[in-house]
Amino acid sequence: MLAVKDVYKSFNPNTVNETVALCDVNFEMKEGEFITLIGGNGAGKSTLLNCVAGVYSVDRGTILIDNVDVTRLPEHKRAAVLGRVFQDPMMGTAANMGIEENLALAYRRGKRRGLRWGITRKEREMYREQLKWLELGLEDRLTDKVGLLSGGQRQALTLLMATLKKPKLLLLDEHTAALDPKTAQKVLEITDRLIREHNLTTMMVTHNMRDAIKYGNRLIMMHEGRIILDIEGEEKKKLTVESLLKRFGRIKGEEFANDRALLS
Amino acid sequence: MLDILMGAISLGLLWAVMTIGVFITYRILNIADLTVEGSIAMGAAIAAQGITLGMNPYAATLLALIGGMAAGMATGLLHTQLKIPALLSGILTMIALWSINLRIMGKANISLLRMNTVYTLLENSGLDKAYAIIILGLIAVFGIITCLYWFFGTEIGCAIRATGNNPNMARAQGINTDVTIILGLIISNGLVAVSGALIAQSQGYADVQMGTGSIVIGLASVIIGEVLFGRKNFYSRLVSLALGAVTYRIIIALVLKMGMPANDLKLFTAITVAVALSLPTLKDYLIPIRRSYKGVD
Chain A
806 MLAVKDVYKS
816 FNPNTVNETV
826 ALCDVNFEMK
836 EGEFITLIGG
846 NGAGKSTLLN
856 CVAGVYSVDR
866 GTILIDNVDV
876 TRLPEHKRAA
886 VLGRVFQDPM
896 MGTAANMGIE
906 ENLALAYRRG
916 KRRGLRWGIT
926 RKEREMYREQ
936 LKWLELGLED
946 RLTDKVGLLS
956 GGQRQALTLL
966 MATLKKPKLL
976 LLDEHTAALD
986 PKTAQKVLEI
996 TDRLIREHNL
1006 TTMMVTHNMR
1016 DAIKYGNRLI
1026 MMHEGRIILD
1036 IEGEEKKKLT
1046 VESLLKRFGR
1056 IKGEEFANDR
1066 ALLS
Chain B
91 MLDILMGAIS
101 LGLLWAVMTI
111 GVFITYRILN
121 IADLTVEGSI
131 AMGAAIAAQG
141 ITLGMNPYAA
151 TLLALIGGMA
161 AGMATGLLHT
171 QLKIPALLSG
181 ILTMIALWSI
191 NLRIMGKANI
201 SLLRMNTVYT
211 LLENSGLDKA
221 YAIIILGLIA
231 VFGIITCLYW
241 FFGTEIGCAI
251 RATGNNPNMA
261 RAQGINTDVT
271 IILGLIISNG
281 LVAVSGALIA
291 QSQGYADVQM
301 GTGSIVIGLA
311 SVIIGEVLFG
321 RKNFYSRLVS
331 LALGAVTYRI
341 IIALVLKMGM
351 PANDLKLFTA
361 ITVAVALSLP
371 TLKDYLIPIR
381 RSYKGVD
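Taken in sequence, the protein lines are chains A and B. What the first sequence shows, in my numbering, is residues 806 to 1069, in sequence order. What the second sequence shows, in my numbering, is residues 91 to 387, in sequence order.
If the Cβ cut is set under 10 Å, some of the chain A residues that face chain B in the computed set are: (1) L887; (2) M896; (3) R914; (4) R921.
Hints in this document: simulated from the structure, not taken from any laboratory. Beta carbons are placed, not taken as given, at the ideal position from N, Cα and C, and that holds for glycine.
So here's chain B without its partners, still in its complex pose (with noise of 0.2 Å):
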């Protein structure tokens, strides 16, 4: 139990780097960014192929970081620039990246077994690899969440910030809304690349389809951690997100054991996120109707 329990944890803070990318373009842009399911396989693909090409595995997760922000760099121009729905224009990359990702690879997917890892430092020191990784994903989390914090509170944080609010706004204060939302989608996407290439290294093996899905998990994992953890400021609402994921992964891992067959994953996270999304919605249609039962009494 205990061993299924790290398994999640470790495996929940790889997928917070994720979440947190997918939290910056879905709540800060206001974009739903499909990009992620394309940029999370390509940094699994860059870093595998960089470590099995005899890399650095911190070179290459670096290498993958870039990766992912020229696909998000790719998704910002078409939407901004060629004036493509945000939405269609994440698809369209997204699609561009499976052919790329296999020539990244050469073929489908790619093991890393005995090979050198981000991990394998840690692990040499006698840790556990569960350990090892929740030791190193904790480090890039709250690096991550760190940088962030500061990032969006200097002058273009700010202004990305004021473009996923208003972009009328923005752009009457002086705002380029283009450069802004190119700028919070390759930052995005960068942070989805890195955690593709995180969890590829932690599994052993990188696979062009282990992106299929990805967006529902991030949003999940996002609006789990805003439900259950608050978001008051924002520093607590970026630690909520890492929690988010986290308690995703545990809530997966328990279904999994209670015996739901993992072919039912995916239709269970769906039913899950669908469910979350709509709690407003169904609020407003079920309250009233409890109100007029008052007006009866």
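In isolation and in its complexed conformation, chain A is listed as follows (with noise of 0.2 Å):
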């Protein structure tokens, strides 16, 4: 499904200011499979989704979807197969248009875009289906500009619009940590069961270990743009915050256990 092969990403190459955030990161993705992404701060966790979302371009190495290579291919293009959810709430929608716009935008993700109605009448009955599956209310909002919604409205209909369509991959950036901690437990079954329902294959980068372990059917966890663990299957099932402490510290030492922001 997703091939990562040594892929190499530094930022400002060649000054005082370089910082290698990926460094010959590999790693091969099943249909199907729902990856939590795990590291510290820094550990290029963010960068290697943004690497496969086309946002960035990698130094070496190349991004194969579906046997497809799409190293060289721009981040508009390759949207026609990824859904993305940001970590900010205010990126993944449009905030001075309607809900339903937003949606039909999202709709024609992948499609060449003509001189045909932004949104038709069929449709919006469809999005008044799936916003209240959502259970927020939105679906009598239909018309109101995303600008009104929430942080944790606009983060599920970011989540929505990303699987309107069902995308061939899910990327999903850290996109609860700017939510307050019970909208984003929300937010986080909404994502669970939109990723069941239509059997998505997922990255989900979090910075929460509990919700890692929690979530997902494999965990990879970075640290300075390496992969430093790969986990899946029954062992992942038995994992728990400490049995992942301890073997993140067998590898790298105690430092792992003073990152805060992993501990949260």
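Assembling the complex is the task here: the two chains are given apart, and the hints tell you how they should meet.
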């Protein structure tokens, strides 16, 4: 499904500020897998996701989606097969456009846009049904501007937009990090429900160890631009925060336990 | 007085076309595009030269549209392909157009006296010139508003709106934001050039300098329209632009009548726009003070 081969990415190359974000990252992902990607600040999780999405071009290496080399494909072309939700709730939607208009934009992802109407009556009904499913009361607010929604509502809407046309790969970049704990939990539940319902291949970046363990069927941990742990199957199911910390400690000494951000 | 009012309304309607163009870049694409200063003069230059060379005035106006679109495309390519900041891209095209406009006209200005213009037909049927301009201006403005209302409801139109609103989101939804930005600039500058062509034909000459300060007039009209005539839905927003452009002209006519020297016009307009643009900030600045007074009470 997704293959990341020897991907190397640095920022500000050949300057004093050069930072290596990804150092020869290698992994493959099978269809139907739900990977939680975890690591401290600067581990390279978001960079990896952005390289897959085409936001950043890689310095070296190749990225294949369904055996198609997308390494040189621009972001908007890769979007045809990707669904994305961002950390910033403002980033995934157009605030000055209506809820239905945002959904209509997402519904046309990967299609050639022409001079047909940007939204049709038939679609509206479908959007209403889909919004009902979120159980946030948005189905009665189709023409409301998205800017009027709360952060949690916006993330839920962005999730719906990302999955409205079933993506080959769903990329979630810490999409609950900017929400309060209760809302974050609710959005995560919606996420899990969507992924199960549509059997979506998913990669979810998170700062939260408990979430990384609770959700998904494979866990990848990154540190300083490399993958240092890759746990799946039965082993993943038995994982606890303590055992994860212990395993990290064995690899990297004590620094992981001191990484405040991971213990939220 | 009625003459002055009619003159202001007719001029306002012609500038409304330009205002709509400015609205597309400034409000929809979220770009302050200075190309318009060049493309409005370009539209005038092309139309004037075309008519002088014996072209049908309608064809000459159409040619102005195409010229303006090319100017918009130049700015769009500079910005999206060569990654020059939008403001600077517009300035570069604007400066380049100065020379291009002089080349088109061969001199600094062309007179259209006693030549056929788009207004001639209506004038020949016995109408006063101001009324002829108003009728044609209304047809042009409402034709354009209808077309744009339709266009920005289509898939491509929605993609352009999304690009101006949130380019990251647009790209994530598979929209090529380079293309939508270029398209928006093309449409905007095409309209601005048409406006220039219509203005030149109404005043009877084209001048290479006529674009100077036009962006500020466009912005003033956009803001006056939004403040005075609301912005509920897209259609009423477009109509409010036309009303804003006419209101601006009436205000200018009135202050001139009241004795303000014409040379101070641009200063007056600049101050108006500066105040209007800073209103949100001024509000934020003033309201907390009022609140703290309330707290003391």
